[in-house]
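Position chains U and H relative to chain Z; hints supplied.
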Amino acid sequence: MQLWLIPLLPLAGFAINGLWGRRFSKSLVNLVAIGCVLLSFAWVLKTLYGLGDLSSAHVEHYFTWIQSGALNVGCDLAVDRLTAVMLLVVTGVGSIIHIYAIGYMAHEGGYYRFFAYLNLFMFFMLTLVLAANFLVMFVGWEGVGLCSYLLIGFYFDKKFATDAGNKAFIVNRIGDFGFSLAMFLIFVNFHSLDFASVFQQAPGASVATLTTIGLLLMVGACGKSAQLPLYVWLPDAMAGPTPVSALIHAATMVTAGVYMTARCWVIYTHAPAAMHAIAIIGIATAFFAATIGLAQNDIKKVFAYSTVSQLGYMFVGVGSGAFSTGIYHLVTHAFFKALLFLGAGSVIHALAGEQDMSRMGGLRKKIPWTFATMMCAAVAISGVPPFAGFYSKDAILLAAHEYAPWIYWLGVVTAGLTAFYVFRAMFLTFFGDYRGHEHPHESSPVMLVPLGVLALLSLGGGYFFRVPAFLGEFFHAKEAVEDPTLVFISVAAGLIGIALAWVMYVTRPGMADAFAGNVSGLYKLVYNKYFVDEMYDAAVVRPLVGGSRAVLWKIVDSSGIDGAVNGIGAWAQGVGGVLRRIQSGNIRSYATWVVFGSVMLIVAMSLAGGLIR
Amino acid sequence: MDVILFLIFAAIALACAVNVVVQTHPISSAVSLIGVMGSLAILYLLLGAEFIAAAQVIVYAGAVMVLFIFVIMLLNAGKESSKGHSFMAQLLGVPVLIALLGLLALLARHMYPPETMVRFGGFQGGTAKAVGTALFTRYLLPFEVTSILILIAIVGAVVLARKEMD
Amino acid sequence: MPQVPISWFLMLSAALFALGVAGFLFRRNIITVFMSIELMLNAVNLSFIAFAYQHQQVDGHLFAFFVMVVAAAEAAVGLAIILTVFKNRATLNIDEVDSMKN
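Going down the list, the protein sequences come from chains Z, U and H. Quick note, the first sequence lines up with residues 1 to 613 if you use the working numbering. Quick note, the second sequence lines up with residues 1 to 166 if you use the working numbering. Quick note, the third sequence lines up with residues 1 to 102 if you use the working numbering.
Just chain Z, same shape as in the assembly (with noise of 0.2 Å):
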């Protein structure tokens, strides 16, 4: 079946690029770029359709990567039902993304490399969602992560964007850690880091022990997928490019977490304690960073926490023990908040880069078409039937109820403060009147029309992609049951939230200030984010980079290292300086040093016996 082009394709064109991409017109790099992803995504659907049912894996095996005592890992791909679902939204979402970042990078310098960075990125994700064992799959997991520092970096000579890069990378690092030691585990459990043979050995190990890998296989999806507490490189990698935010950070890979989870599902069914974990972080990260978004004037900082807080309830379904309903809101969000993100960058190209939300207004007239997109993602990501997100949505939540009821409450609760502070941006954004001095402008077709394809998909792809029926036999899990009270509950919420967004926003401008006022001490509080990276800078941050400073620089590096190095040196010279003495030009001296040696010598020998019969 050729698994291997359909990574591959996006990194010749990531080489191409790469290499000649300063000598090529925009038009050659788009269209190696473009051409390299949309073959993939040709190649991914003619693999689909000649593969059929899929309802066991099909692997393939390239070569023996690593072949070292008991440890044996090849380079394998593999394709089942859970592969494809990401297969498509990776590659069909990634073109989609590729052909918007045509218009909105046209002005932008570094073209070929921004291209050369999303092919390069797309050829990692690739690899982690085909990856048949834990080691490629590692691959894959620790290049998207340097591909998202890359691209947020792009504009390297801001060194707030810099800055944000180094955030994510390391903070992902951290992550990258947990899933280090769990694989380390195991494979001394299982003595094998192969897909297949570990689910298949799992249910007879020991719960502690699935345990322990639950968790730390947990830690890593808090560090990719951006969960409490390691979701602070999220809002600030913002500072990227927005067809970057709308690939990397919505789309593809802080959804790498929520897929790893779900490809273990065979551990965590028999680690109930590891489960829980995850659905309690789940449901605290999307509360929490709900609430943060409340406050935030900035568009793309609000649709970052709102990332932050879809990925909790994705983890809400997946630690609920219902798989299929992470995965199938990992798919319809792809498909609003990428819609979202992309509609924002439309916005601050009208605007000519203004971000700040209190800067803009009245847009809906000047801008119609990003407008009416917009609203299809909107009304998708609220939870209003019968779009995308309200399918996906009352599915997690109806896992969760089942799960434990108080997480179906708070997640209520979130989905009235998402809808809230969704059309909160929106009515800032496109009502009332133009606060500021650019002049807005719609933007180009190759913009528009992507936008239109995630508009019709955020709408219908709710209705039309059945995820859970497709991949209910895949993770042999119970079946949700229907239940309309609770179903009524939540969408009630999500209009709730519409409603007083539009009372606080349009009808009474006023209102939202004066109740700031009201409660300014707990307003501070969320607008400054509840100071989390103020604590971690005070907490872990300045106390490592001064003991780094203070011992590892000055004593262990300093005097240590070049101590002993310069010691050497030094002690080089001195002995020289003392067996220079010898040389002192008198000829008496020298030869007075010759009989000394010849008597030396004739008492070794003698010694020795080579004299004396």
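No lab work stands behind these hints, which were simulated from the structure alone. Heads up, some of the hints might be wrong.
Unchecked claim - Taking lysine-lysine and the DSS-like style, the derived pairs with C-alpha atoms no more than 25 Å apart in a straight line are: (1) H:Lys101 - H:Lys87; (2) U:Lys163 - H:Lys87; (3) U:Lys79 - H:Lys87; (4) Z:Lys158 - Z:Lys529; (5) Z:Lys529 - Z:Lys159.
Remember, it's a predicted structure, so these values are computed and weren't measured experimentally.
Chains U and H only, in chain Z's frame:
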């Protein structure tokens, strides 16, 4: 008879050797060295080395030492001055010397059994004929090489000692 | 008849050699040093002849012969060098010829 000969000429050799080392004026040292070589020639005769004894007197005492005396007189070398010193030679010189002497004596005693006795006429193979035969058959290569060595020495000495042409 | 033990010859050779070393180490005049070297060579010659007597072979004489030849050549060249040093330094004191110091 042999013993007396040996003792007399050994004593003369030793006395002259001490004189070489002790005298301050180089001419005195050179003449004492000629004395040493002469007594050694007698001792060679005692050991049956007729050819070598003759060569010693003719080549060594007659040519090499004369060359020395020519050079001393050419340079007008006077009594030795007492300037300059070598710290190392003063420190280690005597002990090392005594050690060397002691070791060599020890080796001489222990390496060779004392039963070999020397008497005049005990070795008949030191004639010119014997030496010549060995020289031109077994030691032909060293002989030829030595002649080249002498040639080099002549050339070197001429080059070093001539006046510079302007 | 009374005979001379060969070890006496060897000890005489050792004593002459030691005296040569003494002269080499303790004298300051270049020419005297050179003569001490000749003294050492003579001592060694005596050893060779003695061993030739002991082994009743003429090879020791041959060795002594070559030593003599080489000594002669060395004397020629060495004295030429001494002349050159005297021309350049105007001194016959080897302690003053120390420009290779350190």
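To see whether the hints hold, each was checked on the structure:
{"no.": "1", "hint": "H:Lys101 - H:Lys87", "verdict": "21 Å, holds"}
{"no.": "2", "hint": "U:Lys163 - H:Lys87", "verdict": "10 Å, holds"}
{"no.": "3", "hint": "U:Lys79 - H:Lys87", "verdict": "19 Å, holds"}
{"no.": "4", "hint": "Z:Lys158 - Z:Lys529", "verdict": "23 Å, holds"}
{"no.": "5", "hint": "Z:Lys529 - Z:Lys159", "verdict": "21 Å, holds"}
Checked against the numbered hints above, the structure breaks none of them.
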